[in-house]
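Novice: Residue strings, one per chain:
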Amino acid sequence: MGQAELLGLTMATETATREPEFEVHHRESLGLRIQHVLHGNPVLGPLAVLIVAIILFSIVNTRFFSAANLSLVLAQVTVIATLALGQTLIILTAGIDLSAGAIAVFSSILMANFATKLGVPGWLALIMGLLCGTAMGAFNGFLVTTLRLPPFIVTLGTLTMFFSLNAVVSKSETVRGSDMPDLMTWTGTTIPIGGFRLTYGSIIMLLLFAYFYYALTWTAWGKHVYATGDDVEAARLAGIRTDHVLFSVYTVAGLLYAIGGWILIGRLASASPNVGTEYNLDSITAVVLGGTSLFGGRGGVIGTLIGALIVGVFRNGLQLAGVEVVWQGFAIGLLVLVAVSLDQWIRKVKT
Amino acid sequence: MTAATTVTVTPVIQAKGLTKRYGRVTAIESGDLELYPREILAVIGDNGAGKSSLIKALSGALIPDSGEIYLDGKQVHFHNPMEARAAGIETVYQTLAVAPGLDIADNLFLGREERRPGPLGSVFRMLDRRHMRSEAKRHMSELGIGTLQNIGQAVESLSGGQRQAVAVARAAAFGSKLVILDEPTAALGVKEGNRVLQLIRDVRDRGLPVILISHNMPHVFEVADRIQIMRLGRRAAVITSKSHSMSEAVAIMTGAAAPPPLVA
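If you're matching them up, the sequences are chains A and B in order.
Each residue of the first sequence is one higher than the one before, counting from 2 in this note's numbering.
Each residue of the second sequence is one higher than the one before, counting from 2 in this note's numbering.
Honestly, I wouldn't trust all of these hints.
Said to hold, decoys possible - In silico DSSO-like links for lysine-lysine, alpha-carbon gap of 30 Å or less:
| # | chain 1 | residue 1 | chain 2 | residue 2 |
| --- | --- | --- | --- | --- |
| 1 | A | K349 | B | K138 |
| 2 | B | K75 | B | K17 |
| 3 | B | K243 | B | K17 |
| 4 | B | K192 | B | K243 |
| 5 | A | K349 | B | K192 |
| 6 | B | K178 | B | K138 |
To be verified - Calculated from the model, a selection of chain B residues having no Cβ within reach of chain A, i.e. all distances over 10 Å:
| # | residue |
| --- | --- |
| 7 | T9 |
| 8 | G18 |
| 9 | R22 |
| 10 | R39 |
| 11 | L63 |
| 12 | S67 |
| 13 | L72 |
| 14 | K75 |
| 15 | V77 |
| 16 | H78 |
| 17 | H132 |
| 18 | R134 |
| 19 | E184 |
| 20 | R207 |
I should point out that these hints are in silico values taken from the structure, not numbers from a laboratory.
Model, not experiment: these values are computed from the prediction.
All C-beta atoms in this analysis are idealised placements derived from N, C-alpha and C, irrespective of residue type, glycine included.
Input sequences plus hints: build the corresponding full structure.
Specialist: Right under this line is the structure:
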């Protein structure tokens with residue numbers, strides 16, 4: 002009787018008493034349960050923060066919770082939210098885009114100048130401006146995928162390049178809204194919807210969020226974005242063309258930034274090369290506050306919308322409470338630290 | 002089931018004289034392999050013996066300098082792993098290639114997602130999530146992995162053995178010719194390792210032959226129908242758990258003992 006037979010006999014008895022396969026039971030503490038719930042629903046944390054913030058600011062100043070003020074908050078965050086939408090796609094792939102604001106502002110200057118200096122009709126100037134933004138995003142995507150440069154470095158470089166080109170093309174001049182075709186400033190027009198006053202820009206922003214929520218959740222492309230950010234090698238081995246996914250994400254983001262630039266023109270009723278210096282970091286802040294992880298593969302656009310709203314609610318609420326502008330920035334910065342620490346803790350979910 | 006030794010059974014996959022050199026280093030030198038239907042073939046050998054290179058050639062991850070590969074008797078040339086996959090060869094890599102943040106159903110269909118029929122699928126590119134979920138459940142339960150708590154569970158919340166089960170189930174679901182497993186029990190404890198071995202037997206019993214690379218001799222001797230020993234880039238011997246003991250196999254691997262004459 003050889004060893005193999007002995008082993009065979011041992012195996013036979015084990016498989017005869019086959020227990021339920023692969024079941025794992027834990028008795029979990031409350032902290033672990035919260036961790037698991039937040040891990041499964043990354044939107045819950047930011048949503049709770051938003052609701053608590055709205056309640057607190059409404060208590061401090063009852064004017065906060067009026068339809069007029071809430072409409073104002075939405076208008077104030079629309080550009081950031083649009084930029085943050087593109088930023089979300091990139092951060093989901095474990096990348097980052099420091100050139101978001103630069104592309105947005107440069108696109109706005111380009112479309113304004115196409116219309117005024119080159120005399121191009123409004124609709125064409127808009128399309129050309131959007132195409133320019135898309136091309137800038139594609140340029141980022143090309144550098145990241147083909148030259149395999151880290152996104153942080155790439156977009157740090159392109160940020161400076163686009164900013165300089167912006168100054169050259171605009172000659173540092175602001176184009177007035179009254180000089181531009183109506184289509185350029187159309188996004189700033191408001192319409193009343195049930196007591197609120199929404200701008201067309203905000204409506205466009207909300208529609209974009211709805212579309213990308215669908216794309217990320219219900220299409221193969223969306224799954225591939227998450228997989229690429231989660232584990233790019235695993236995604237590649239599973240047959241996903243990760244380079245295509247990455248390139249598409251940066252290019253689409255470029256288009257979104259350009260739309261943000263168009264909405265910005267409507268908001269300011271002008272196209273200025275000097276604005277938007279804080280938009281780069283604000284777009285990243287909104288994404289982070291919304292629970293999307295900077296390490297990729299976790300989070301989504303709903304969280305980003307909530308994150309942008311949190312920034313808007315805090316800025317607006319603190320202002321109504323009489324807090325100076327400098328402390329508003331401090332509060333946002335503190336929020337970011339809390340959000341990132343929370344993300345780290347949630348990531349530590351044990352099996 | 003032991004492999005048939007009559008010449009009338011065509012091997013599912015056959016490698017003849019595969020050679021791969023990297024400069025002065027020879028990875029495989031006239032490497033051979035036959036895999037017959039309904040069997041588990043283990044490929045073992047010391048580090049550098051050529052087993053990984055031989056398997057990579059079969060899965061399309063390595064293009065040999067010379068030699069032929071026959072799939073069901075027809076010669077094939079794989080230029081990349083996707084071509085091998087398209088031909089029906091599924092490979093489970095040591096790293097498993099699962100996306101931890103996505104759920105089990107998403108991972109099963111990763112890279113091969115199914116869309117809804119009609120315009121919803123073609124125009125809106127909408128995924129048929131419900132169908133993929135039920136298919137995932139079906140595949141898992143057919144392999145006896147039915148009691149995972151929730152098919153919508155993120156893969157990272159699963160244990161090592163459960164993740165391995167998902168990866169193997171994916172290969173078994175889509176493989177039509179054979180499945181290659183690279184060190185499937187390497188990172189697992191005793192209990193989960195045994196469960197994966199049973200899973201591998203179930204895959205074979207359901208009609209998909211398996212090629213298995215493993216350093217775990219007890220597991221190899223437990224589950225393999227035939228064992229191919231690689232040494233110095235060549236096939237040194239093909240034995241079974243009944244014809245040789247583990248220590249004899251190790252001796253052939255290291256060259257301490259002369260290999261038995263090949264009876265393919």
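Novice: Next, verify each hint and record whether it holds.
Specialist: So, going through the hints one by one against the coordinates:
A C-alpha spacing of about 28 Å is found between K349 of chain A and K138 of chain B, which places the hinted pair at or below 30 Å, so the restraint holds. Between K75 of chain B and K17 of chain B the CA atoms are separated by roughly 13 Å; this keeps the pair inside 30 Å, and the hint holds. For the hint linking K243 of chain B to K17 of chain B, the alpha-carbon distance of about 26 Å falls within 30 Å, and the restraint holds. For the hint linking K192 of chain B to K243 of chain B, the alpha-carbon distance of about 24 Å falls within 30 Å, and the restraint holds.
Straight-line distance between C-alpha atoms of K349 of chain A and K192 of chain B comes to about 25 Å, which keeps the hinted pair within the 30 Å bound. For the hint linking K178 of chain B to K138 of chain B, the alpha-carbon distance of about 22 Å falls within 30 Å, and the restraint holds. For T9 of chain B, the shortest C-beta to C-beta distance to chain A comes to about 29 Å, beyond the 10 Å cut-off, and the non-interface label holds. Separation of G18 of chain B from chain A is adequate, the least Cβ-Cβ distance of about 28 Å exceeding the 10 Å criterion.
Non-interface call for R22 of chain B relative to chain A: holds, since the shortest CB-CB distance, roughly 25 Å, exceeds 10 Å. Non-interface call for R39 of chain B relative to chain A: holds, since the shortest CB-CB distance, roughly 19 Å, exceeds 10 Å. With a closest Cβ-Cβ approach of about 14 Å to chain A, L63 of chain B is found to remain outside the 10 Å limit, as its non-interface label requires. Chain A leaves S67 of chain B outside its interface by the beta-carbon criterion, the shortest separation being 27 Å against a cut-off of 10 Å.
Every CB of chain A is more than 10 Å from the CB of L72 of chain B (nearest about 19 Å), matching its label as outside the interface. With a minimum CB-CB distance of about 23 Å to chain A, K75 of chain B clears the 10 Å threshold, and the non-interface call stands. Once the 10 Å rule is applied to beta carbons, V77 of chain B is consistent with being away from chain A; the minimum gap is 18 Å. For H78 of chain B, the non-interface assignment is confirmed: its Cβ lies about 19 Å from the closest Cβ of chain A, beyond the 10 Å cut-off.
Chain A leaves H132 of chain B outside its interface by the beta-carbon criterion, the shortest separation being 13 Å against a cut-off of 10 Å. Residue placement check: R134 of chain B keeps its beta carbon more than 10 Å from all beta carbons of chain A (closest about 13 Å). Look at E184 of chain B: its CB is around 15 Å from the nearest CB on chain A, clear of 10 Å, so calling it non-interface holds up. No beta-carbon of chain A comes within 10 Å of the beta-carbon of R207 of chain B; the shortest separation is about 16 Å.
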